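A.B. asks: For reference, the chains in residue letters:
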Amino acid sequence: MSRDTLKRDFRDKVAIVGVGTTDFGAMYRDLDPQRSNYQLGLTAFKAAIEDCGLTRDDIDGIFTSRVPDTVRMSEILGIRHPRFSSTLPGGGRYSGLGVQYAAMAVYSGMADTVALIYGNNGRSVGAKYGGDGEGGGPESNSADFDVPYGMTSPGAQYGLMYRRHQALYGTPAEALGHLAINNRNNAMKNPISVMKNPLSMEDYLNTRFIAEPLRLLDYCLINDGAVCIIVTSAERARDLKQPPIYISATQSTSDFTAQYLSDNFYYDSLSSMAPDLFGAAGIDRKDIDFAQIYDNFTPTVLFSLEGLGFCGKGESGSWVTPERISLTGELPLNTSGGHTSESYMQGWAMHVEAVRQLRGECGDRQVANAEFGLYSCTSPVSAAHILRR
Amino acid sequence: MTNDAPYKRPLPDLERKLTQPYWEATKRHELVIQQCDACQHLWFPPSFCCPNCLGEAISWKPVSGRAKIWSWIDMWQMYFRGFADERPYLVAYVELEEGPRLMANLVDIDEERTGLTCDMPLEIVFDDVTPEVTLPRFRPIR
Ligand SMILES: [Zn+2]
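If you read the sequences in order, they're chains G and V.
With the working numbering, the residue at position 284 of the first sequence is 284, and numbering never jumps.
With the working numbering, the residue at position 68 of the second sequence is 68, and numbering never jumps.
You may find that some hints are simply not true.
[Claimed, not checked] With the C-beta cut set under 10 angstroms, the calculated list includes, among others, these residues of chain V facing chain G: (1) Leu18; (2) Lys27; (3) Leu42; (4) Pro45; (5) Pro46; (6) Cys49; (7) Cys53; (8) Ser71; (9) Trp72; (10) Gly82; (11) Ala92; (12) Val129; (13) Pro131.
[To be verified] Once the Cα atoms are required to be at most 27 angstroms apart in a straight line, the calculated DSS-like pairs of lysine-lysine come out as: (14) G:Lys128 - V:Lys68; (15) G:Lys313 - V:Lys8; (16) G:Lys189 - G:Lys241.
[Unchecked claim] A partial selection of chain V residues facing chain G, derived with a Cβ cut-off under 7 angstroms: (17) Tyr7; (18) Pro10; (19) Leu11; (20) Asp13; (21) Pro21; (22) Asp74; (23) Trp76; (24) Gln77; (25) Phe80; (26) Phe83; (27) Ala84; (28) Asn105; (29) Ile109; (30) Phe126.
What the hints contain is simulated information worked out from the structure, not anything from laboratory work.
Predicted model only: the values in this text are computed from it and were never measured.
Heads up, the beta-carbon is just placed ideally off N, CA and C, and yes, glycines get one too.
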């Protein structure tokens with residue numbers, strides 16, 4: 001079978017049937033240096049199986065991320081003989097990839113029902129994603145050639161890309177402000193978000209720089225929390241408690257170089273993937289009712305919109321108007337508040353938000369009549385899904 | 001840096017065989033990067049083979065030290081204790097005239113970053129930060 005035939009055959013055969021999270025706002029205000037990623041994972045797992053009406057004994061596939069060891073997590077949960085299991089690396093790109101691995105396992109018959117469990121005590125233990133003690137070790141080009149100059153952190157790499165994007169295309173600082181403010185507006189309507197105080201453009205522009213041109217409010221909000229997602233076949237999904245949310249299409253692409261940054265803002269990798277993604281789902285960009293776009297740093301959203309073809313190359317800065325990206329706009333973005341105002345759950349909670357939007361569970365922040373939702377994460381490995389109800 | 005205080009910033013690993021020729025050259029105030037003997041391709045950072053043809057016969061080629069700015073940041077955040085006193089400090093991603101790119105600090109730039117633009121031409125300067133380590137930095141050609 002050709003790749004196109006396989007992709008069409010995969011369409012809507014696998015579904016997300018259960019989701020569970022912790023309360024991100026509550027945990028942000030309650031630090032605990034002994035908080036265990038396993039205990040966090042347990043909480044989310046119980047919430048997710050309760051959500052879909054399955055039991056622990058229905059789970060025959062398990063992946064964990066940030067929860068350091070899948071064996072230990074399985075032992076804690078009493079899952080003795082999963083048919084398919086693996087520990088994913090802790091990077092945020094592995095949320096989208098993890099859902100892909102789970103979908104592949106289900107679609108190929110290697111597992112019936114997969115639990116993806118993410119638990120992160122990052123805020124309590126002071127995770128920094130850069131600086132002393134990070135990125136070193138033997139054979140580290142970063143330690144030898146970047147760190148002696150004080151260069152560190154993915155945010156700084158995004159700062160370099162954003163400055164270049166500004167120079168090439170005239171992208172204004174306000175573009176990032178619109179994204180940060182949109183996230184905040186949505187977070188104010190999300191009961192479990194961290195940040196609920198209003199944010200104006202003046203507030204945004206007055207915020208301190210981290211790696212200038214990026215400000216504190218361009219950065220994801222490191223927090224403690226957990227997420228669990230349950231994936232099974234569309235057939236099995238039909239008799240469960242919640243309406244199934246189908247994976248219409250999912251694709252991945254890469255841009256592997258010596259630096260985290262991409263000299264074309266990941267445009268080449270994303271634009272090569274996008275036709276496969278939309279083609280496999282059999283829909284066009286205009287059919288997408290909302291997008292959850294990984295915003296480890298706000299410029300990631302701009303680069304993703306360009307690469308996925310929602311706007312032209314270099315045009316994202318003027319495209320992201322408050323009207324267009326709001327809950328009632330042409331493309332509502334990051335409806336839970338995203339990583340800068342809901343919580344940095346490394347893409348996992350964005351999947352949950354997409355599911356809740358498609359189920360119509362989002363109350364004040366519900367996108368009307370949402371049928372198709374996009375999740376994407378742009379990084380050296382990018383992944384994107386089109387989900388539908 | 002002519003400063004009597006001990007140097008407190010992170011330093012490269014001089015024991016790493018793959019990268020030793022680079023640091024030996026900077027100590028002589030020379031910039032060298034790897035070049036493939038078979039196809040003449042140049043690349044950075046150092047590697048075990050040519051990423052163009054996978055050739056493993058590799059030479060270290062002296063390059064001009066002329067470059068331009070791909071982009072830069074001003075780092076305000078304190079990630080390294082050694083940089084605590086000099087924030088914001090400027091880190092640029094620099095494109096060598098010969099093609100490969102590397103990170104470096106820029107020097108001879110005022111606090112307002114007057115006149116600094118992407119693609120501005122640069123030249124290399126060598127900074128003997130310790131008796132063992134010399135770091136290449138770059139300054140604008142004005
Ligand atoms: Zn070669």
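A.B. asks: Compare the structure with each hint and give your call.
C.D. replies: Here is how each hint holds up against the structure:
{"no.": "1", "hint": "Leu18", "result": "8 angstroms, holds"}
{"no.": "2", "hint": "Lys27", "result": "14 angstroms, violated"}
{"no.": "3", "hint": "Leu42", "result": "13 angstroms, violated"}
{"no.": "4", "hint": "Pro45", "result": "4 angstroms, holds"}
{"no.": "5", "hint": "Pro46", "result": "8 angstroms, holds"}
{"no.": "6", "hint": "Cys49", "result": "14 angstroms, violated"}
{"no.": "7", "hint": "Cys53", "result": "18 angstroms, violated"}
{"no.": "8", "hint": "Ser71", "result": "4 angstroms, holds"}
{"no.": "9", "hint": "Trp72", "result": "6 angstroms, holds"}
{"no.": "10", "hint": "Gly82", "result": "8 angstroms, holds"}
{"no.": "11", "hint": "Ala92", "result": "8 angstroms, holds"}
{"no.": "12", "hint": "Val129", "result": "8 angstroms, holds"}
{"no.": "13", "hint": "Pro131", "result": "16 angstroms, violated"}
{"no.": "14", "hint": "G:Lys128 - V:Lys68", "result": "31 angstroms, violated"}
{"no.": "15", "hint": "G:Lys313 - V:Lys8", "result": "43 angstroms, violated"}
{"no.": "16", "hint": "G:Lys189 - G:Lys241", "result": "26 angstroms, holds"}
{"no.": "17", "hint": "Tyr7", "result": "10 angstroms, violated"}
{"no.": "18", "hint": "Pro10", "result": "5 angstroms, holds"}
{"no.": "19", "hint": "Leu11", "result": "6 angstroms, holds"}
{"no.": "20", "hint": "Asp13", "result": "6 angstroms, holds"}
{"no.": "21", "hint": "Pro21", "result": "13 angstroms, violated"}
{"no.": "22", "hint": "Asp74", "result": "4 angstroms, holds"}
{"no.": "23", "hint": "Trp76", "result": "5 angstroms, holds"}
{"no.": "24", "hint": "Gln77", "result": "5 angstroms, holds"}
{"no.": "25", "hint": "Phe80", "result": "6 angstroms, holds"}
{"no.": "26", "hint": "Phe83", "result": "5 angstroms, holds"}
{"no.": "27", "hint": "Ala84", "result": "10 angstroms, violated"}
{"no.": "28", "hint": "Asn105", "result": "5 angstroms, holds"}
{"no.": "29", "hint": "Ile109", "result": "14 angstroms, violated"}
{"no.": "30", "hint": "Phe126", "result": "13 angstroms, violated"}
Hints 2, 3, 6, 7, 13, 14, 15, 17, 21, 27, 29 and 30, counting from the list given before, are not met by this structure.
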